[in-house]
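Protein chains: 2
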Amino acid sequence: MSNIEKIYSYIDAHQREACDLLSKLVQQASTQGNEQGVQAVVIQKLKSLGLEVDVWDPEYSVLATHPYFVPSRINYAGSPNVVGTLRGAGGGRSIILNGHIDVVPEGDRTKWSDDPFSGILKNGRVYGRGTTDMKGGNVSMMFALESLLRSGIKLKGDVIFHSVIEEESGGVGTLATLISGYKADAALIPEPTNMKLFIKQQGSMWFRVSVEGRSAHGGTRYEGVSAIEKAVLVHQAILQLEAKRNARITDPLYKGIPIPVPINMGKIQGGSWPSSVADLVTIEGRIGVAPEEEMKAVKEELGACLRDLCKQDPWLNEHPPKLEFFGAQWVPNSLSENHPFAQTVRSAFGEVYGKPVKIEASPWGTDGGLLAKVGGIPTLVIGPGETKMAHYPDEYIEVSEMIRAAKVFSRVLIDWCGTTAS
Amino acid sequence: MSNIEKIYSYIDAHQREACDLLSKLVQQASTQGNEQGVQAVVIQKLKSLGLEVDVWDPEYSVLATHPYFVPSRINYAGSPNVVGTLRGAGGGRSIILNGHIDVVPEGDRTKWSDDPFSGILKNGRVYGRGTTDMKGGNVSMMFALESLLRSGIKLKGDVIFHSVIEEESGGVGTLATLISGYKADAALIPEPTNMKLFIKQQGSMWFRVSVEGRSAHGGTRYEGVSAIEKAVLVHQAILQLEAKRNARITDPLYKGIPIPVPINMGKIQGGSWPSSVADLVTIEGRIGVAPEEEMKAVKEELGACLRDLCKQDPWLNEHPPKLEFFGAQWVPNSLSENHPFAQTVRSAFGEVYGKPVKIEASPWGTDGGLLAKVGGIPTLVIGPGETKMAHYPDEYIEVSEMIRAAKVFSRVLIDWCGTTAS
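Protein sequence lines correspond, in order, to chains A and B. Mapping of the first sequence onto the numbering used here: position 206 corresponds to residue 206, and the numbering continues sequentially without gaps. Mapping of the second sequence onto the numbering used here: position 402 corresponds to residue 402, and the numbering continues sequentially without gaps.
Take these hints with a grain of salt, some might be off.
Said to hold, decoys possible - Pairwise CB distance ranges (calculated):
#	chain 1	residue 1	chain 2	residue 2	range
1	A	Ala243	B	Lys244	22 to 32 Å
2	B	Ser61	A	Ser272	26 to 36 Å
3	B	Leu239	A	Ile74	38 to 48 Å
Stated by the list, open to error - Among the chain A residues that face chain B by a calculated CB cut under 10 Å, a handful are:
#	residue
4	Ala216
5	His235
6	Ile257
7	Gly266
8	Gln269
9	Gly271
10	Asp279
11	Glu300
12	Phe326
13	Ser336
14	Thr387
Said to hold, decoys possible - Derived list of chain B stretches under chain A, where covered just means 3 residues or more per stretch with a C-beta under 8 Å from a C-beta of chain A:
#	segment
15	273-280
16	382-393
These are computed hints drawn from the structure, not numbers from a lab. All residues carry an ideal CB built from backbone N, CA and C; glycine is no exception.
For reference, chain A alone in the conformation it holds in the complex (with noise of 0.2 Å):
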């Protein structure tokens, strides 16, 4: 039986225990600041495959001095960042195995079928909160990393793996791993891009835009402003921002997303009273920025849509909305197809799935650029799970995607880390 046979008949062999491992993780509901439980799982995993655990809260004091830190909470204690080690025998090339271990809120609750926690295994998917996105791909890279370990395969290159916090709020997490030191010659990031090569990915900002009115009685409304009408004028106008921003995309490997880089308004609220006429309204949303922009250059463009509306009406002319950047940012990152770490992971995809893989960009962002752009380190992002079903009810993985990715990151493994020979 040849190494490779032995990974994948190993990685046949336990799929149920990846499966309860994936249930496992999913029951610990791990949403921003509820990242105990979860980690101590990763934790306990990573030990009982021999790996060494760095462990510890990211410190916003040392953070804070980062050019690339974007505070989404003013305290990190009691969120823990784990790193696990697998020193190779020396000679090869390392690698990260990134993943981000917080999930977004679960929503209407009455819109799931089963509780969002339950990473319940029926007919063959996982269900729960994360299990897309992207627990699931984590588990594919924890077993890809266990089917070489129990199949006695030595590594020459380093793994690092990096299970972080907060990337659904901007990447303090993978940002304190870099402070950290922890860097490798690759990265690769299982988001679920249903096994598509993401050589590229969207970055993004939050942004927050208060638009003014001014209050009076309902009966007289005229008498007043409503924040409300004025707050559709701003959402009518990011619309057309959009459109504008999309029609310059013309990277063919967009071709057939319907909008490579959006604007998600997905917060709005505003006025107190029924009968009275609203005095503030606020949006919040996130902006894409395409693989090759400048953040600084979208916050400006958005700025600038926001004045220009003001020049066609009156009140926002003297009463303009606030622009804020808040509390997330994830950076863009772009790698070409060509790169050695990007014809390793095309080659291990194809002999598993026996076709090329797809190469795509992605339509958002991931931590992907805070490792290529702060760590220098190339990139790629790969992983199980649809994106459409991220951030849904009744998120679920398929497990046989899950195993099969185990088996594509177990060759990149073995292909971009080398072998001692047994």
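Could you slot chain B onto chain A? The hints should help.
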């Protein structure tokens, strides 16, 4: 000195006391649920004038059986309703003087020059939430009553003074006085009309539209459906309905009023995360009901407007917005300008002001509809203060207007109720 001369000279001589009473009333911030303090001031005043005073917390179980009851809360304990009765000598027409004592919230405190509940007297104006809407008018009525009593004038008809709660939330206080049997041959409500005579009052209802979307990751927002975008369609459809309803208004009394029967969308709320597509948005508002309209027909028209919108949008067609009427309603009202009570008020105004009163239809609801429809009481609305100040920062009332109103009201009491020979 004639009776009238005596009264007017008493009023002119005691302006300062009237201002002090208004300040005391304003300093008791009587937003919904906090009416006890202000009613204590009213009770003391009415007792000092020798009225029989009835004080009770309206009971939900009693109200609940009434067809015009719209629950604004589940419990009215601690929110007393007050009625003071001045028995006449007999043989005259009785009158209700009705004023609400509740005020709307102060809104954004930073927009106020002084504390919203300062009751401060500056440059001939008293400032604070409720000065105009409508504690100033209440003081005019109490002051009119005081001027008669202190001038030794004895009325033939009874005077029933209502100091009611919940007008701002739909009239539970006035409904409770009617259920308790307090009725009269006419009623006067000194809401802030800037001393125009409002023979018609617009009714209104609160409504809530819940607009459904489908959540998704903001980066692939095209895989979801934004409840905010759909709520914008609802907002526009409702503005179009407002235009259509107002184009129908031909009553010359509404001439010059920009939107006779407004639909105010006062509150919007939806979405929970900037990077997710919003799956639910609610809009809360107030729809005006023309004096001759049936409330039921207006409800049906708003429902039909939303159904028509659904026909134009496949998503809305499958996920029709939910329409509810909740919390508050004001019944419309109309009285002929030639009704004997209207003639009495018109002549009293003409005498004090030296010119004919302006007759208009109000763009907002009052408790007048309940007094008329439930109590069968001919009701008119006229009072000091300008509507545009109501529900607005730096609300104030001109003291001189409050004083002139007191003179008009004292004259109305004499002419309507009749006096015994002294």
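Tested hints:
1. Ala243/A / Lys244/B: 22 to 32 Å: At roughly 31 Å between Cβ atoms, Lys244/B and Ala243/A fall inside 22 to 32 Å, so the hint holds.
2. Ser61/B / Ser272/A: 26 to 36 Å: Since the Cβ atoms of Ser61/B and Ser272/A sit about 30 Å apart, the hinted range of 26 to 36 Å holds.
3. Leu239/B / Ile74/A: 38 to 48 Å: holds, 41 Å
4. Ala216: It holds, given that the least Cβ distance between Ala216/A and chain B is near 6 Å, below 10 Å.
5. His235: Holds: closest Cβ of chain B sits about 6 Å from His235/A, inside 10 Å.
6. Ile257: holds, 8 Å
7. Gly266: holds, 5 Å
8. Gln269: Cβ of Gln269/A sits 5 Å from chain B, so the hint holds.
9. Gly271: Constraint on Gly271/A satisfied, holds at 4 Å.
10. Asp279: holds, 6 Å
11. Glu300: violated, 20 Å
12. Phe326: holds, 9 Å
13. Ser336: violated, 23 Å
14. Thr387: The hint holds - Thr387/A has a Cβ within 10 Å of chain B, the shortest such distance being about 5 Å.
15. 273-280: With 8 residues closer than 8 Å to chain A, the segment 273-280 of chain B meets the three-residue bar; holds.
16. 382-393: holds (count 6)
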